[in-house]
Amino acid sequence: MPTEAAELVFDEATKVYPGRDAAAVDHLSLTVPAGEICVLVGPSGGGKTTALKLVNRLIPLTSGYIRIDGRQIGDYDVTELRRSIGYVIQQVGLFPHMTIEGNIGTVPRLLGWQKQRIRERVGELLELVGLDPEKDRRRFPAELSGGQRQRVGLARALAANPALMLMDEPFGAIDPIVRARLQDEFLRLQQELRKTVVFVTHDIDEAIKVGDRIAILREGGRLAQYDTPQQILEHPIDDFVADFVGRDRALKALTLKTLGELELSPATEDGLPRLPADTSLRDALAIIVAERRDALLVVGPDGSPLGVVTREDLLR
Amino acid sequence: MSGLRLADGGGPVIPDFGHGTACLRDNHWFCTSWVHEHWGETLQPALLQHIYLTLLAVGIGFAISFVLAIIAFRFRFLGPPLGAVSDFLYCIPSIALFLLLVPVTGLTVTTLVIPLVAYTLFVIYPNILAGLRGVPPEVLESARGMGFTRRQTFWRVELPLAVPAIMAGLRVATVSTISIATIAAVVLYYGLGGPIFEAISQPDIFRTELVAAGGLTILLALTADTLLTLLQRALTPWNRQR
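Chains as they are written, first to last, in my numbering: chain Z, 453 to 768; chain C, 79 to 320.
Next comes chain Z alone, as it looks inside the complex (with noise of 0.2 Å):
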């Protein structure tokens, strides 16, 4: 398997679980590009855990086909393939009897790595998930928050460089301020390592925040609609999408853009409220609203004027 990110191809597959009539995945095909977050979402019974868990083999499929980079994955060697993709779960499963370090070097020691290696591994990846690579990675798991340890399963999955991840609701059992910024450190790893990740959530928000498309399953595992977070807010296919994403969809439309991304005009009135560029133009209307104003002033990084927006460039 390379270790480059890898194209994921789900190809008619289909998941009937035995004695059951009805398919937990029916015939579901997309294709997610390499390098790119593709968001499972729905509501339960859409199988999206299943779909997930179909990729690395934890879940049989029962017709159809899964490639990665063009080979099925019915070809691998199931803990080849496992220990090449990485994996994270809602409950996070950590090895409570295993320090940090033992924890993230779990793959690269099934992999017959050097100890010194790991060791460097370990380290690095504590410091790109946030932690303290000497303090914390003699730590046990039960000595750590549940942010943290979302954290220490991040980088867990990440420790033997897979070309795929499967992420199973990562975020779901944090606090809500939490859960933000772990998106938000998310999405800046992501920007470095730029790998193929399927990412599964109930939460439409949070689907809409991390993915670059977004597949959304009703009941029954039967794909509604898979497109851009744009697409499916401005162009939902059908009442049950359109349903799922929320009335407000116009709104979280409006979380897809920053501020920078329109074309402002020159700054000439005093006194308007001040906002860095990269706000999302939602958190902009929301202060126009709770301000009474009609425009606001956009300033850059060092806090230099770059221009105004009123609140019909807002709207428009």
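The reader is advised that the hints may include incorrect statements.
Derived, one-sided and incomplete: chain C residues facing chain Z with beta-carbon distance under 10 Å [claimed, not checked]: (1) P171; (2) A174; (3) F226; (4) N317.
Simulated from the structure, these hints should not be mistaken for lab results.
Backbone N, C-alpha and C fix where the C-beta goes; we use that ideal spot for every residue, glycine too.
Since the structure of chain Z is already known, use the hints to place chain C on it.
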């Protein structure tokens, strides 16, 4: 030599308390001089035998329990029948079991060890099994998802996580074996049960010997429990309270 000596004949029998001090003649609860004089010939060998008997019984019991627990863990349907057998063994009164074995294995240490082993099974086997089965499902799922083989999951995840439960079983088994082993002296003068039976078979109960041997038994049990607790802490640094 039989540990059980019955007073024969009628009438009061004057117990032979030896060439006694006043303390011994009055049969006080604890006479230091007697303990001092009989340490080398009576108490110390009894203590060492007792330790040997306990180690042997718990060691064999642990080995058997371990194998049975792995079998029951691997083949789930065997769990209930194996559990029933270990429960049944525990229900046999210990004195009866010791005496029942005499015609089979004779007046040997084997006769003492077999019932003791049977009792340790009842405690150790279910503890190992519960420990193995108690591993959180998300830990198993992440192990599987990361590409552990079945065998690697057992040795690297399930077994280490079962250690606290296994050690708890070993502690209870060891302490109860130390106590039950004193009853073994009904068949053979062996271990600390020897001096205890010797003392209580005197018509008036030889108090010093009873207290000395009984006290050593208690002390041995407490020591074993402490050592095993320390061992458990050393084996499970991750399990320490924050």
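These are the hints, each one checked on the structure:
no.: 1; hint: P171; verdict: 40 Å, violated
no.: 2; hint: A174; verdict: 42 Å, violated
no.: 3; hint: F226; verdict: 7 Å, holds
no.: 4; hint: N317; verdict: 8 Å, holds
In this structure, the earlier hints numbered 1, 2 are contradicted, and the remaining ones agree with it.
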